[in-house]
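Listed below, chain by chain, are the residues.
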Amino acid sequence: MPTRPSPQLARRGFLALAGISLTGALAACAGGGTTGRGGTKHIRLSTWNIPTDITSYQAIADEFVAAHPGTSVAVEVTTGQFHQWFITRLAADLAPDVIRITPQQIGRYAANGSLVDISGAVPADYRKDYSDPFWAIGARDDGVYGVFQHTDNFITYYNRDVMEQIGVTPPQALADAWTWDEFLDVAKEVKQVTGKYAFGYGWSSPETAYRWLPLVHQNGGAFLGEDGATPSMDTPEAIDALAFGRKWYAEGLATTGNLSKSGGGDVSRNLFLTGQIGMMLNNPESIAQLDTDMPDNWGTAPMIRNVGEASDLGGNALAVTKSSKHPELAAELVAMITSRSKMQQFCHDGNWLPARKSLDAKDIGYAANTDTMQRFIDQGTTIPLSMVKAESGEYFSSLNAVFADYLDLCLLGQLSPKEASNQMMEAMRSVTAS
Amino acid sequence: MSLRAETAPVRTTASTAPPTGGLPAGGGARRSRGRFVPYVFIGPAALLFLGFSLVPIITAIALSFQDSSTSLGDGTWVGGKNFVDMGSDPLIGTALRNTLVFTLGTVPTSMAIGLALAVALNRPLPGRSVFRALFFVPMVAAGVVVGVIMSWIFNGDYGVVNNLLEALGLGRVPWLTAPGWAMATLVVVVVWTRIGFCMVIYLGALQSVPAELKEAAAIDGASRWVRFRTITWPLLRPTTSILLILNVVFSLQAFDVIYVMTGGGPGFSTTVLIQYVFRSAFIDARMGYAAALGLVLVAILLVFTLLRQRANRKAEEML
Numbered sequence: 000m001p002t003r004p005s006p007q008l009a010r011r012g013f014l015a016l017a018g019i020s021l022t023g024a025l026a027a028c029a030g031g032g033t034t035g036r037g038g039t040k041h042i043r044l045s046t047w048n049i050p051t052d053i054t055s056y057q058a059i060a061d062e063f064v065a066a067h068p069g070t071s072v073a074v075e076v077t078t079g080q081f082h083q084w085f086i087t088r089l090a091a092d093l094a095p096d097v098i099r100i101t102p103q104q105i106g107r108y109a110a111n112g113s114l115v116d117i118s119g120a121v122p123a124d125y126r127k128d129y130s131d132p133f134w135a136i137g138a139r140d141d142g143v144y145g146v147f148q149h150t151d152n153f154i155t156y157y158n159r160d161v162m163e164q165i166g167v168t169p170p171q172a173l174a175d176a177w178t179w180d181e182f183l184d185v186a187k188e189v190k191q192v193t194g195k196y197a198f199g200y201g202w203s204s205p206e207t208a209y210r211w212l213p214l215v216h217q218n219g220g221a222f223l224g225e226d227g228a229t230p231s232m233d234t235p236e237a238i239d240a241l242a243f244g245r246k247w248y249a250e251g252l253a254t255t256g257n258l259s260k261s262g263g264g265d266v267s268r269n270l271f272l273t274g275q276i277g278m279m280l281n282n283p284e285s286i287a288q289l290d291t292d293m294p295d296n297w298g299t300a301p302m303i304r305n306v307g308e309a310s311d312l313g314g315n316a317l318a319v320t321k322s323s324k325h326p327e328l329a330a331e332l333v334a335m336i337t338s339r340s341k342m343q344q345f346c347h348d349g350n351w352l353p354a355r356k357s358l359d360a361k362d363i364g365y366a367a368n369t370d371t372m373q374r375f376i377d378q379g380t381t382i383p384l385s386m387v388k389a390e391s392g393e394y395f396s397s398l399n400a401v402f403a404d405y406l407d408l409c410l411l412g413q414l415s416p417k418e419a420s421n422q423m424m425e426a427m428r429s430v431t432a433s
Numbered sequence: 000m001s002l003r004a005e006t007a008p009v010r011t012t013a014s015t016a017p018p019t020g021g022l023p024a025g026g027g028a029r030r031s032r033g034r035f036v037p038y039v040f041i042g043p044a045a046l047l048f049l050g051f052s053l054v055p056i057i058t059a060i061a062l063s064f065q066d067s068s069t070s071l072g073d074g075t076w077v078g079g080k081n082f083v084d085m086g087s088d089p090l091i092g093t094a095l096r097n098t099l100v101f102t103l104g105t106v107p108t109s110m111a112i113g114l115a116l117a118v119a120l121n122r123p124l125p126g127r128s129v130f131r132a133l134f135f136v137p138m139v140a141a142g143v144v145v146g147v148i149m150s151w152i153f154n155g156d157y158g159v160v161n162n163l164l165e166a167l168g169l170g171r172v173p174w175l176t177a178p179g180w181a182m183a184t185l186v187v188v189v190v191w192t193r194i195g196f197c198m199v200i201y202l203g204a205l206q207s208v209p210a211e212l213k214e215a216a217a218i219d220g221a222s223r224w225v226r227f228r229t230i231t232w233p234l235l236r237p238t239t240s241i242l243l244i245l246n247v248v249f250s251l252q253a254f255d256v257i258y259v260m261t262g263g264g265p266g267f268s269t270t271v272l273i274q275y276v277f278r279s280a281f282i283d284a285r286m287g288y289a290a291a292l293g294l295v296l297v298a299i300l301l302v303f304t305l306l307r308q309r310a311n312r313k314a315e316e317m318l
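Chains A and B, in that order, give the protein sequences.
As numbered in numbering that gives the first Met the number 0, residues 0 to 433 make up the first sequence, in order.
As numbered in numbering that gives the first Met the number 0, residues 0 to 318 make up the second sequence, in order.
Chain A with its partners taken away, still in its complex shape (with noise of 0.2 angstroms):
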């Protein structure tokens, strides 16, 4: 019939459009590819939103296309939440060709192909300026999947007024730090003086509950056991350090408000600044804010300590994805990145601590706090290899996770540190059984 035109026909070409423009629009989600016009070889580095960062990656990028023609690194930003953003960007095969990644979640991308071997790009001096910690970050028995760039660890921030008004002169040198007992005593005094609390603890989310487990080290026990994979929260020293932070919160030397889960970021800091505590174990990342609101008026004392030393494992490495079209190019560009000159440089214009044990405070050159810097790196040194290793490991995720769990129960009271103990066992060996 010549006045009704084949509805199949309409059908027809509304499904060729469609095809088309989903061809279209799956093409443009397609990330313009990693082989531009002319055979320049594109490689993308994702980093955090840290404007300093950017541009410094950035410079190091354009003296890497300099020196590599053809070739062309733009630096992106990892956004929303890490595991969420990286999972889906590597089902799609669009992950980035370099990420910057905390040591915390590298492990389950190391065990599960998501991460390349870049071991044949790195040269071999870099094994020997690396202590045996930093280095395990990324280093596994079949390959090398990340290398460390910088870091970061905890060391003990006071308030200069509140230490003369109780006559305490905070130790200065690693061997002098305050043991758990001689900071509780401090503690106590601290809290007559605030009239609030004593100290806090850097918590920043519940991904940082990790920050805890220096603790467990401190006292001789370990998060996991000598293989890296049996949890170990179940010894008398790891229950013991969770009987200590019961302490904390029992005798009102800190606030329930500084949790792991606490929100709003970084409270412990806040309460620092607001004179609620007059002390907080915490990383670098504060002594901005304390120069401009609390300036000359605090200082720095180690990690405190027990029967052995230890302080948080913080920092960044640089991996290469398998989503690389360019491996051999993206490793090369980490090699650049973590060579001692340019991490002198990044550190410097970051305020970063160096991953490598050659540089120091004066090579880097900070523009302010050198000694405080200088603390902190050697506070660096006090990261045990275990911990290093557990946190490193494949399960990590969803073990802090469960320790973040727990601790809040026991840190709150609502489990004691033996009960804490136990379901902190369980839940950990249904995630490493699964």
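Some clues are possibly wrong.
[Said to hold, decoys possible] Chain B is faced by these chain A residues, among others (derived, beta-carbon under 10 angstroms):
#1 A66
#2 T78
#3 H82
#4 I86
#5 A249
#6 N257
#7 K260
#8 S261
#9 G307
#10 D404
#11 D407
#12 L408
Since the hints were made in silico from the structure, they are not lab data.
The C-beta atom is built at its ideal place from N, Cα and C for all residues, glycine as well.
Add chain B to chain A, keeping to what the hints say.
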């Protein structure tokens, strides 16, 4: 009249062209184009639905029958194992219970306050538009932003709420650090973000309630409350039903504010189901299990919606 006179011939010409086989030149092509036009208009929406709803839904269903513990897309088929595993997962019960408490706390409260505000603002008031806009602003604010700001406002040690309470001689409240208080605080925050939405929807419905009915009742001596109860409220029933379903959906999907303000804590006291889905997927990397949990959430919503619709139909039949 003049408009009708001008447009009528055009319509007639178009619809009664003689099917003589000798169509005017271009007529068939125009008709073909005419039939094609609707598809062009629905095409983009259909593509979006296909790409961002239908395909992900089918993928999620497929994923729920896989063990995808390494990364997305690398799963192995495990049948109904993920659903069976839920039976022995101790956190599921806690998450479901918290979800129920959170939903019961947020949905009726935000609807009741939204209705009260709508009734109050459905009459001439100085600055009425400003009030309407102010109540609606929290709804359009990003959940993460709301969460961060509220974390500060309700902080037990330096939050403005506790400072105010202390200034008034009242004690400080552990808003976010005691299990019972934390859930209550979240409910308050979410209700605050949601009342503007309920208010706007109820306002629209109130304006369609025939004024003559209320006037007639008033002439018969009905009080304001009686007029509301016997005329306005029954006529708002379809709107209430839709709002109820939407609010339940919002509450079951509430993630960002809880994630930012309490992280599911203290302990597990504010861990809700959607948060557990996220944790299973992106912290534990158990994509298949997370997809199965997501389907359970969808099933709960579906059952609730069907029950609500059936109840609504019965109520309408009784009117």
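Against the structure, the hints:
1. Restraint check, A:A66 versus chain B: the minimum CB separation of about 34 angstroms is more than 10 angstroms; hint violated.
2. Contact between A:T78 and chain B, as hinted, is not supported at the beta carbon level, the nearest pair being about 12 angstroms apart and thus beyond 10 angstroms.
3. Contact between A:H82 and chain B, as hinted, is supported at the beta carbon level, the nearest pair being about 4 angstroms apart and thus within 10 angstroms.
4. The criterion of a C-beta within 10 angstroms of any C-beta in chain B is met by A:I86, whose closest approach is roughly 6 angstroms, and the hint holds.
5. A hinted interface residue such as A:A249 counts as satisfied when its beta carbon comes closer than 10 angstroms to some beta carbon of chain B; here the least separation is about 14 angstroms, so the hint is violated.
6. Given the 10 angstroms rule on beta carbons, the hint for A:N257 holds: about 8 angstroms separates it from the nearest Cβ of chain B.
7. The beta carbon of A:K260 comes within 3 angstroms of a beta carbon in chain B, closer than 10 angstroms, and the hint placing it at the interface holds.
8. With a least beta-carbon distance of about 7 angstroms to chain B, the hint placing A:S261 at the interface is held under the 10 angstroms criterion.
9. Residue-level restraint check for A:G307 is violated (minimum Cβ-Cβ distance to chain B is 29 angstroms; threshold 10 angstroms).
10. Taking 10 angstroms as the C-beta contact cut-off toward chain B, the hint placing A:D404 at the interface holds, the least distance being around 7 angstroms.
11. This hint holds: A:D407 has a C-beta 5 angstroms from the nearest C-beta of chain B, less than the 10 angstroms allowed.
12. The closest approach between the C-beta of A:L408 and any C-beta of chain B is roughly 4 angstroms, which is under the 10 angstroms cut-off, so the hint is satisfied.
The structure shown violates the earlier hints numbered 1, 2, 5, 9.
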